[in-house]
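Q: So the chains spell out like this:
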Amino acid sequence: MQRTSVHRVGEQRWVRWTLICLALGLTLLLLVMPLLLIFVEAFSGGAQTWWANLTDYYTLRAIGLTLLVAALTVPLNLLFGVFLAWLVTRFEFPGRKLLITLIDIPFAVSPVVAGLLYLLLYGSNGWLGGWLMQHDVQLMFAWPGIVMVTVFVTCPFVARELIPLMQQQGREEEEAAVVLGASGWQLFRRVTLPNIQWALLYGVVLTNARAVGEFGAVSVVSGNIRGETNTLPLHIELLYQDYNAVGAFTSASLLAVIALVTLLVKSFVEWRQARQRAPLHEQQEQG
Amino acid sequence: MNTKRGSLLPRLTSHPGKRVLPGFALSMGVSLLFVSLVLLLPISGLVVESAGMSWAQYWAVVSDERVVASYRVTLWAALIASLFNGVVGLLLAWVLVRYSFPGKRVVDALMDLPFALPTAVAGITLAALFAENGWYGQWLATLGIKVAFTPLGIIVAMSFTSLPFVVRTVQPVLEDLPVEDEEAAISMGASDWTVFRRILFPSLWPALMTGIALSFTRSLGEFGAIIFIAGNMPYVSGSDQPDDFHSTAGVRPCGGQRDCLGGAAGLADSAVRHQSVAGPLSAASARTLRSSHAAYVGSSCR
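Each protein sequence line maps, in turn, to chains A and B.
If you count the first sequence from 1, position 235 lands on 235 in my numbering, and the numbers rise without skipping.
If you count the second sequence from 1, position 105 lands on 392 in my numbering, and the numbers rise without skipping.
Derived from the structure by calculation, the hints contain no laboratory data.
Here a beta-carbon is modelled for each residue, glycine too, at the ideal position from N, C-alpha and C.
Not the full set, but computed from the structure, chain B residues with beta-carbon under 7 Å of chain A:
1. Val322
2. Val325
3. Val335
4. Leu379
5. Phe388
6. Val394
7. Ala403
8. Pro405
9. Ile411
10. Leu416
11. Gly508
Derived list of chain A stretches under chain B, where covered just means 3 residues or more per stretch with a C-beta under 8 Å from a C-beta of chain B:
12. 30 to 37
13. 76 to 86
14. 100 to 108
15. 115 to 128
16. 169 to 183
17. 200 to 213
Excised from the complex, chain A in its bound form:
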């Protein structure tokens, strides 16, 4: 900051403002307008129509199912993410790299294929599905199937947020706590959790956003039974195909709000982490 007279590329006034205007224009066209359109369309019939659409029986059922899916998926993946991150960042063991690669599978496999994988295994003609059928357990085309594919699709998020952070933080603090006699739970509560809480929060928010909004994988295993196995994104598709655009955008506005909350939390978490890191940098510069 001391060297204010540095001349850098693109500092001329006209270059700067042309580029800024271009970027703002593109942001407006590509991101802001679509976002605006969702709410304009949702409220195009007035707030009362919006409310009526929202409280429609099938919409409420879809919201309920979506909440159920999120409520089951998020804690499961939170638990898995924390245990996995602890395992791969705190211990050395053969197959560690392989495990880190394995959890990226859901990102590499496209969601529809994920759905098909589950259908293949648990569908009535599937390898396990036939056996389950004999015992009157139906997983596919019912809510358990939707939860299963959602868990698959969202399982990397928490782990992916935690692993780089925990790797960077190292294990010194935790080792010191153990030497001082901390129990496992105390160690996690008092030492690890405060260090990772913001990344953990963001991981949870990402998991939740994806669980609520997943479309491809869920559409394969859902069966689209109105009021039974229709999640909110699938409900949007059905309404849209019924030419009920206002209804579709009403549900979409709900999901868009969740997306905006996700962005807010992300900005907040980044701001917190930048602030946590700032004192560290100052120390290093002094030293």
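Let chain A serve as the given structure and place chain B on it in line with the hints.
A: Using the frame of chain A, we list chain B on its own:
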């Protein structure tokens, strides 16, 4: 092993086989159980299922005329979309890193919107924007450009859903570029454009390529957004668009994992049979079937 990492307690942790931190067995157990049940079991199911398929059958599915046509549409659309994102993403990243202007934080936060927004929402939004009476569609219509239900629509959906990749890979690299080279070149009299082309761009190139590649891969795999703007709508069947567009979305996964296609043939078949068994489902789910499964195999189900 640990001393290399500068551990505070080298003597304690360097004992091979002695782990200081608790929870190894528990976290190993939970992780392995989860990975096996959630990830490995379904994948092994695919392997078992497609093992029954001969190479000839597999090849017949993969090289089917309509499937090949859909590869072509998918690849071209993804290529154009990711190159578009390369240009736009570089510009956005540059402006966000180099300049300050009112509302910069909001713009920066908005960059992730395509990732945060569910693809179905993105799909209906883009379809409404580019419909013939939509906000963008009516302007484009006066120019004679049709986006909805054309390959252009696929490109639009692909570039929207994968836009953040380029911005977010280029941004950190641009932030960390050393000032010195730039400064030296400018003080020696090089023009801004020359400095950008000869000094800045080569350092940004790897990140830019990574971003474009990520964007391309995601575009190959995009499904939710595309089916709304490019096809699978009930009224599209009578349009002049061939079935290739329906397949576009479906064939996407095969960019990275070809073998999925092989399994998909038998898979769609079993899914169809399941539909007829599960009576109450049939009407509602036939639509899903058409939109998701049939797409994979193109005509192989007939």
